[in-house]
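**Q** All chains should be modelled from the sequences, with the hints used to inform the complete structure.
So you can see what is in the structure, the chains are spelled out below.
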Amino acid sequence: MTTLTEATVKNDLSPNSDLQVGSAARSVATSVTKTAAKGPQAKEHSSGCGGASGSAQIVQSLWGALVRKLFIDHLALWSAFLALGADVFFTSSGRHPPVDRPYFRYFLYVTIAIFIIWPLIVKNKPASLEKFRQKDKFYAAAFLFLNVLNLVTGKFTLLPPLFFPTPDRILSILVEDFTYLIFDCLAGSAKLLLTGFSCGALAGLITGIAIGFSKPSAYWLNPMIKILGPIPPTAWIPIVLVAFPTTWTGAVFLIALSVWFPTSVMTSSGILNVQNAYFEVSSTLGAKRLYQIFLVGIPAAMPLIFTGLFSGACSSFLTLMTAEMVGVKNGIGWYINWQREMLAYANVYAGLIIIALSFYSLITLFFKIRDRVLVWQKGMIKW
Amino acid sequence: MAGSPDTLTQAEPVNNTAATAAAIEQSLMQQELKPASGPAPLTGSHASAAATTGVIVIDGVSKVFTHPDGSLVTAIDNVSLTVKAGEFVSLIGPSGCGKSTLLRLIAGLETATSGTLELDQTTINGPDADRGLVFQNPYLFPWLNIQNNVAFGLRARRVYRWQKESVARYLELVGLGKFGRAYPHHLSGGMAQRASLARALINQPRVLLLDEPLGALDAFTRMNMQDEILRIREDKAITMVMVTHDVDEAIYLSDRVVVMTPHPGRVETILTVPFARPRARNNPGFFQLRSQILEILNFAGHITEPPYQI
Ligand SMILES: Nc1ncnc2c1ncn2[C@@H]1O[C@H](COP(=O)(O)OP(=O)(O)OP(=O)(O)O)[C@@H](O)[C@H]1O
Ligand SMILES: [Mg+2]
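From first to last, the protein sequence lines are chains G and U. If you're matching positions, the first sequence starts at 0 in numbering that gives the first Met the number 0 and goes up one per residue. If you're matching positions, the second sequence starts at 0 in numbering that gives the first Met the number 0 and goes up one per residue.
Careful: at least some of the hints might be erroneous.
With a cut-off of at most 30 Å between alpha-carbon atoms, the simulated DSS-like pairs for lysine-lysine come out as follows [unchecked claim]:
#1 G:Lys122 <-> G:Lys134
#2 U:Lys163 <-> G:Lys287
#3 G:Lys134 <-> G:Lys214
#4 G:Lys122 <-> G:Lys68
#5 G:Lys136 <-> G:Lys124
#6 U:Lys177 <-> G:Lys367
Note that these hints are calculated values from the structure, not bench results.
**A** Here it is, written out as structure tokens:
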């Protein structure tokens, strides 16, 4: 009942009818109060509005509810249908190389199926359902974007076809080159990134802990960090190319360097900012130096350590891509560069999509781990 | 550290400059501090016991701090004090008179510029688990839940036997039995302070040092905590030294009240609280002691009529 009235109010555009309804409701309300001493007035008011204006209101509110239930609550689905309709309705300009299969249409079928089935799967989980509903508008906009992209490339070719391939082409490369892209290029990049990141993070933690807990280390390491740290890792490329036996080890070094700097700075400042009282308390509880370092200093510095690791991760992505485009003969960055040289822009976009998805997954994983580790922080905890 | 009878005889008060106040009767207190007849109480035994260890001897201790600008500040000057086994001593005095400094010296967090500090005839050099310390701020480790906070001392000393049982028992002792899995930011101020008390007590220290432990609590929580501290003292027979700003609290809890004065920090007077335990909060005798302390601290200036008449 309440949703109906709400819908009416929102969809009612003319102030005049509003006034009418208002006065009609008032007269009904007064008659009700005359007959029944204190009845459920609100109920009577919305359902029992007699006369012509009353039935018009019912129609209007039903219509509002219908619009809401069918359309506004499922914008993404409608946007996907719109894209599908446009793809079917308009014929291609023919200025793009043809593809074997209509991959964009397949993609839309799959998404439409997901958007219909998913709410049914999570029907009994209000949290997941709410999360899904909340992102509805965003997905709607995304599908609209893809729709427009499809129209301005494949259908009307308003952009140069060489640099702006159709969604069909990009998807076809993702599908047809899948094994090569994932098991050769992405795996190569992942190996390089993980090796470099682990080395850099470990070195950064060790340096940061040393600076945080030992005066002599701080004396020697601080100036080094201050001088070497701000140099962009890629500026070392000329030296790295001659100093390392292989470009791969050189690239590992560069990535490690880009993780090392923020990690060590944040770790040391995290440890130095731990309130001394925590160390005092732990020492009166019988904790010796080593125990204090690992069970007081480091846990207390964890929030800042994670900040350091995060910015290290971001700059390691950058270094990885640069290293692959400059020297390493493998990986997704190298693939993109290679395809660009061959003017195969659909492949370039496919590579970019893979990079985006994998870095997105890595960052998501990172935040999941952080939330798990820092569960003690105020406001982060959920239970 | 099994205490021998000589520990106790040796532990008679070292009279300092202001020994005059010690003239107040001490018989009741002496009676209470008879040496234990049996062996030291077993871990967590709930039988009331008298302490045989935990004798603190402070002899001519001074502490001079150097400020960043190079100036010297004498925080405490030639302080001598002996705290008997199982005694409850309060340090009271205006801000800056060196109460915290004295406590930190006993804890081993500061080193004395001159003079010596001993616990059970062993020189104090550095913090150790035999002297527990509770601050005004509970300083619970925020990354550990309450039971891990309480277990910290045991783990730091690599005591793994009966760890779980001890933690549960000490949480129960301070009335936090159900909150072991909560994180510190879930607790109220009073609960957090009780947790930090449990954390200090689980090491079974011979001495518990309390630096305004109840200063941040509201009046009711405060009174509850005072009784809780007394109960624990009764139970575990621990020597306690407490810094407080609250004269009533000092009188209610203590066997002796050490009144200090600043610039430089000195022991002005040591007053014995002669009332038997358990004490009533409205004991009329408290008032006289109270006005005596306030007079020493120059806060009783405008009382014109005799303070206490029946
Ligand atoms: N770490 C330090 N460095 C320099 N000066 C200090 C230090 N700690 C204490 N002091 C000085 O020593 C004096 C006594 O300080 P203390 O903290 O012991 O006083 P207090 O009696 O505990 O005061 P309050 O009641 O305010 O807590 C003060 O003058 C203070 O400035
Ligand atoms: Mg203080």
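**Q** Looking back at the numbered hints, which does the structure fail to meet, lowest number first?
**A** Hint check: 3 fails alone, others pass.
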